[in-house]
Amino acid sequence: MASLKDLRVRISSVKSTQRITSAMKMVAAAKLRRAQENAEATRPYAERMERMLGSLAQSAVTAGTAPPLLAGSGKDDVHLIILVTSDRGLCGGFNGSVSRWTRKHILQLRADGKQVKLLIIGRKGRGIMRREFGDIIIDTIEDTTKPVPMFETAAEIAQRARDMFEAGECDVCTIIYNKFVSALTQDVTPQQLIPFALPEKDDADGETTDEQDSGLESGAVYEYEPDEQEILADLLPRNLSVQVFRTMIESFASEQGARMTAMDNATRNAGDMIDRLSTDYNRMRQAAITTELIEIISGAEAL
Amino acid sequence: MADNAVQFELVSPEKLLLSEEVEMVVVPGAEGDFGVLPGHTPVISTVRPGVIHIFEGGAVKTRIFVAGGFAEVTAERCTVLAEEAVLLDDIDRDQVEKSLQEAMEDISDAGDNSTERALAEQRADSARAKLASLDTQTYQ
Numbered sequence: 634m635a636s637l638k639d640l641r642v643r644i645s646s647v648k649s650t651q652r653i654t655s656a657m658k659m660v661a662a663a664k665l666r667r668a669q670e671n672a673e674a675t676r677p678y679a680e681r682m683e684r685m686l687g688s689l690a691q692s693a694v695t696a697g698t699a700p701p702l703l704a705g706s707g708k709d710d711v712h713l714i715i716l717v718t719s720d721r722g723l724c725g726g727f728n729g730s731v732s733r734w735t736r737k738h739i740l741q742l743r744a745d746g747k748q749v750k751l752l753i754i755g756r757k758g759r760g761i762m763r764r765e766f767g768d769i770i771i772d773t774i775e776d777t778t779k780p781v782p783m784f785e786t787a788a789e790i791a792q793r794a795r796d797m798f799e800a801g802e803c804d805v806c807t808i809i810y811n812k813f814v815s816a817l818t819q820d821v822t823p824q825q826l827i828p829f830a831l832p833e834k835d836d837a838d839g840e841t842t843d844e845q846d847s848g849l850e851s852g853a854v855y856e857y858e859p860d861e862q863e864i865l866a867d868l869l870p871r872n873l874s875v876q877v878f879r880t881m882i883e884s885f886a887s888e889q890g891a892r893m894t895a896m897d898n899a900t901r902n903a904g905d906m907i908d909r910l911s912t913d914y915n916r917m918r919q920a921a922i923t924t925e926l927i928e929i930i931s932g933a934e935a936l
Numbered sequence: 002m003a004d005n006a007v008q009f010e011l012v013s014p015e016k017l018l019l020s021e022e023v024e025m026v027v028v029p030g031a032e033g034d035f036g037v038l039p040g041h042t043p044v045i046s047t048v049r050p051g052v053i054h055i056f057e058g059g060a061v062k063t064r065i066f067v068a069g070g071f072a073e074v075t076a077e078r079c080t081v082l083a084e085e086a087v088l089l090d091d092i093d094r095d096q097v098e099k100s101l102q103e104a105m106e107d108i109s110d111a112g113d114n115s116t117e118r119a120l121a122e123q124r125a126d127s128a129r130a131k132l133a134s135l136d137t138q139t140y141q
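Protein chains in written order, with this note's numbering: chain Y, 634 to 936; chain W, 2 to 141.
Same shape as in the complex, but just chain W (with noise of 0.2 Å):
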């Protein structure tokens, strides 16, 4: 592997999405983003709905959103396990707006029933994730 690369791979329950070689991926910890760099420290850390950058040749090439989950760094190597993922320039915003629509209205139907109103609840909160992912361009 070339020394000034990351291992950065991408992985949602289903299936391995991305493995490659980059130089720079910006994750959304929990905690704040992390850009991580050949040699980082090793860290695990969760995940919030966000949008992970991948950097090349000094400028953003790939954006895509992930609705939280766990990323583990060591020093060549990047994983992060997605709940879900998607290419940025592949949401929909009406379709985000109304899948948003319809999970508020889950929850109001959902009552006392805990399981399904936590369901909907996600369901809501990785909407809105979405659409504040897209109304926020950060880096260039």
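Isolated chain Y (complex conformation) (with noise of 0.2 Å):
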């Protein structure tokens, strides 16, 4: 059994953690409302490119005229997957998911006779990843998020990526993410970057859609200058950067609201035992109260 002073001691270290952990809450909190302010600025340049790229694309796809980041290398042999984590822990499942569905998806794919090749965002999923994947970790790349995610940081890492599909080092490139959907919620979401998956247009309202896009937005088609193909060239590599730059964003979010939440969880449960705690500390003290005046009392009895 505890003795008092223990008790005394756990309900402070307890309190002192409880300080701790609500403070990272706030600040959590506060950064999650730049991260999602962030993301919301990315979004008109992203949406603008879609567009450009939109009807680009269509049309050099159905003039067979679509060059290797759109079309592919022909081949699925070697996938390289970047996973997206953040570099400091304290943050609930963030990490654990994705790296647990990554890991999944690298044991199917070697399942069906493909060689993977990893990238890691993220000093936290290089430590869960080592131990099962250490040799085809290419590299690991830290501290992008301080403060926020730089389009300069993934232009690099696009950059990465395309010269190894260039060098022939892979044919398919997968970016495994936590995606923002709320606060409290992250969906850890596949994304393929190479080569260029189009934006779903086989379904059926997808397709009138598009059609009212069209005619709404030019009525007409577009001149390209210089030409449709020298553009395409320029825009598939800028976009693949733009598309990093977007999950590196969306995780950095989601990584705030799950380590808010995470903190939040904990501030709970700090309190919790800090109650129960101080009703053992309570009764305890009571308890050797009542024995003291026993002792007292019997003692004045015997005389």
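Rather than coming from a laboratory, the hints here were simulated on the basis of the structure. Hints are not guaranteed to be accurate.
When the alpha-carbon atoms are kept at most 25 Å apart in a straight line, the in silico DSS-like pairs for lysine-lysine are as follows [stated by the list, open to error]:
no.	chain 1	residue 1	chain 2	residue 2
1	Y	Lys812	W	Lys16
2	Y	Lys664	W	Lys16
3	Y	Lys737	Y	Lys750
4	W	Lys62	W	Lys16
5	Y	Lys648	Y	Lys638
6	W	Lys16	Y	Lys779
7	Y	Lys737	Y	Lys812
8	Y	Lys750	Y	Lys664
9	Y	Lys664	Y	Lys779
Label-pair distances were calculated between CB atoms; the ranges are [stated by the list, open to error]:
no.	chain 1	residue 1	chain 2	residue 2	range
10	Y	Glu775	W	Asn5	49 to 57 Å
11	W	Ser109	Y	Ile771	25 to 33 Å
12	Y	Leu817	W	Gln102	30 to 38 Å
13	Y	Val660	W	Gly112	39 to 47 Å
14	Y	Asp796	W	Glu106	50 to 58 Å
15	W	Thr137	Y	Asp768	28 to 36 Å
16	W	Glu21	Y	Gln691	25 to 33 Å
17	Y	Lys648	W	Gln123	27 to 35 Å
18	W	Glu106	Y	Glu680	35 to 43 Å
19	W	Gln102	Y	Glu680	36 to 44 Å
20	W	Gly112	Y	Pro701	55 to 63 Å
21	W	Gln123	Y	Ala830	23 to 31 Å
22	Y	Gln748	W	Ala119	20 to 28 Å
A short list of chain Y residues far from chain W (calculated; beta carbon distances all over 12 Å) [claimed, not checked]:
no.	residue
23	Leu637
24	Ile644
25	Ile653
26	Ala679
27	Val749
28	Ala787
29	Glu789
30	Gly932
Note that the Cβ used here is the ideal one computed from N, Cα and C, for glycine as well.
Dock chain one against chain two, each of which comes alone in its own frame, and use the hints as you go.
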């Protein structure tokens, strides 16, 4: 049985833990707001780029002149997986869930006889994947989120993926990240980067909106300057960077959301624990007082 | 929207930088500058590093340096997706010269590393383009 002093020490230590977790929660909440604003600010660029790419790619695919980044290398043997995790922990299941998903995905690809390479963003992902897949990790990129994800970093990562693709070191490139749904929910989402997957157009209602779109937007065919293929060759790598950037931003927002939730839970748990320990402490103190009283009274009676 | 105005949008990957109605805008296209007035033919063009001029009342109102990107023009809109955009007046010549020097050093340091080399060359090109834009003041 713990002594009164032990209990006092424990209560005060849990209290200081609670102070830390609640402070971290506040910080995460503030960062989350900023991350969300960031994510929203990047949307116009991505949307407009998608619009341009859509009209260009469609005609290139039908004309059969699509560059490799769009059409693929014609093989499906070597997969490059970019895993987006956080640099810091204490964010609940954030890194665990995305890593678990990736692990399953890798094993699945291997079972299909594919070769897999792994590029990791974030210190935590490396720690988790190193044991099992240490031999296929090409590199880890750390400190990408100080203080927020930068476009330059995303461009560098995209460049590396592109270099590998062009050197024939990979045929398919997929990025796996935590998609931001709400502050409480994150979804592990894979997104294929190379070859670039066009936004879904083949489902029925997708087609109609597409037609409406192009009708509204221009009503005419665009002129291209210099020519379609050159623009496409310029646009695709850029789009790659934008996609990577977007996943990084989303992942960052998700991380803050996950941390906020985790820290909120931790703060509550600490509160519960303090309550329980305080009850124990008071009960024990009362018991000690009662025992002392009984001793005094029975001593007096014995006289 | 007014009939005699173009909705001009300047977007960088990080955010929407500018969205306003302008009289005319001159974009440095890959194959030469082109001016956009209302009713322009739909065009998609690549943008070379250079200066975007926004005209108001027949004179240049704003000069913005862009380090390349893409432009999409329709009859009533002109959207520029820029990689980097700064007001020309905000560019500090000394700083650009320094970053050019640093980029040149990075190029020679990079050696065989093609990724680093390409990135450093990009930086050098952008710095050179900035200097060139500062030196040549086209349009009044």
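Results of checking the hints against the structure:
1. Y:Lys812 / W:Lys16: Satisfied, since the Cα-Cα distance of roughly 20 Å is no more than 25 Å.
2. Y:Lys664 / W:Lys16: Satisfied, since the Cα-Cα distance of roughly 18 Å is no more than 25 Å.
3. Y:Lys737 / Y:Lys750: 14 Å, holds
4. W:Lys62 / W:Lys16: With Cα atoms ~22 Å apart, Lys62 of chain W and Lys16 of chain W stay inside 25 Å; holds.
5. Y:Lys648 / Y:Lys638: With Cα atoms ~15 Å apart, Lys648 of chain Y and Lys638 of chain Y stay inside 25 Å; holds.
6. W:Lys16 / Y:Lys779: 18 Å, holds
7. Y:Lys737 / Y:Lys812: Cα-Cα ~18 Å, so holds.
8. Y:Lys750 / Y:Lys664: Violated: Lys750 of chain Y and Lys664 of chain Y sit about 32 Å apart, past 25 Å.
9. Y:Lys664 / Y:Lys779: 12 Å, holds
10. Y:Glu775 / W:Asn5: 49 to 57 Å: Cβ of Glu775 of chain Y to Cβ of Asn5 of chain W: about 53 Å, so the range 49 to 57 Å holds.
11. W:Ser109 / Y:Ile771: 25 to 33 Å: This hint holds: roughly 26 Å between Cβ atoms.
12. Y:Leu817 / W:Gln102: 30 to 38 Å: 50 Å, violated
13. Y:Val660 / W:Gly112: 39 to 47 Å: 42 Å, holds
14. Y:Asp796 / W:Glu106: 50 to 58 Å: The hint (50 to 58 Å, Cβ to Cβ) is violated, given that Asp796 of chain Y and Glu106 of chain W are roughly 22 Å apart.
15. W:Thr137 / Y:Asp768: 28 to 36 Å: Since Thr137 of chain W and Asp768 of chain Y have Cβ atoms about 54 Å apart, the given range 28 to 36 Å is violated.
16. W:Glu21 / Y:Gln691: 25 to 33 Å: Cβ of Glu21 of chain W to Cβ of Gln691 of chain Y: about 31 Å, so the range 25 to 33 Å holds.
17. Y:Lys648 / W:Gln123: 27 to 35 Å: 53 Å, violated
18. W:Glu106 / Y:Glu680: 35 to 43 Å: Check passed, 38 Å falls within 35 to 43 Å.
19. W:Gln102 / Y:Glu680: 36 to 44 Å: Given range 36 to 44 Å: holds, Cβ gap about 38 Å.
20. W:Gly112 / Y:Pro701: 55 to 63 Å: Cβ of Gly112 of chain W to Cβ of Pro701 of chain Y: about 27 Å, so the range 55 to 63 Å is violated.
21. W:Gln123 / Y:Ala830: 23 to 31 Å: 27 Å, holds
22. Y:Gln748 / W:Ala119: 20 to 28 Å: 26 Å, holds
23. Leu637: 58 Å, holds
24. Ile644: At roughly 47 Å from the nearest Cβ of chain W, Ile644 of chain Y sits farther out than 12 Å, so the non-interface label holds.
25. Ile653: Check passes; 33 Å lies beyond 12 Å.
26. Ala679: Given that some Cβ of chain W is not farther than 12 Å from that of Ala679 of chain Y, nearest at about 8 Å, it is violated.
27. Val749: 22 Å, holds
28. Ala787: Given a closest Cβ separation of 8 Å, the condition is violated.
29. Glu789: Glu789 of chain Y is in fact no farther than 12 Å from some Cβ atom of chain W, at 7 Å.
30. Gly932: Answer for Gly932 of chain Y: holds, closest chain W Cβ roughly 80 Å.
When held up to the earlier numbered hints, the structure conflicts with 8, 12, 14, 15, 17, 20, 26, 28, 29 and fits the remainder.
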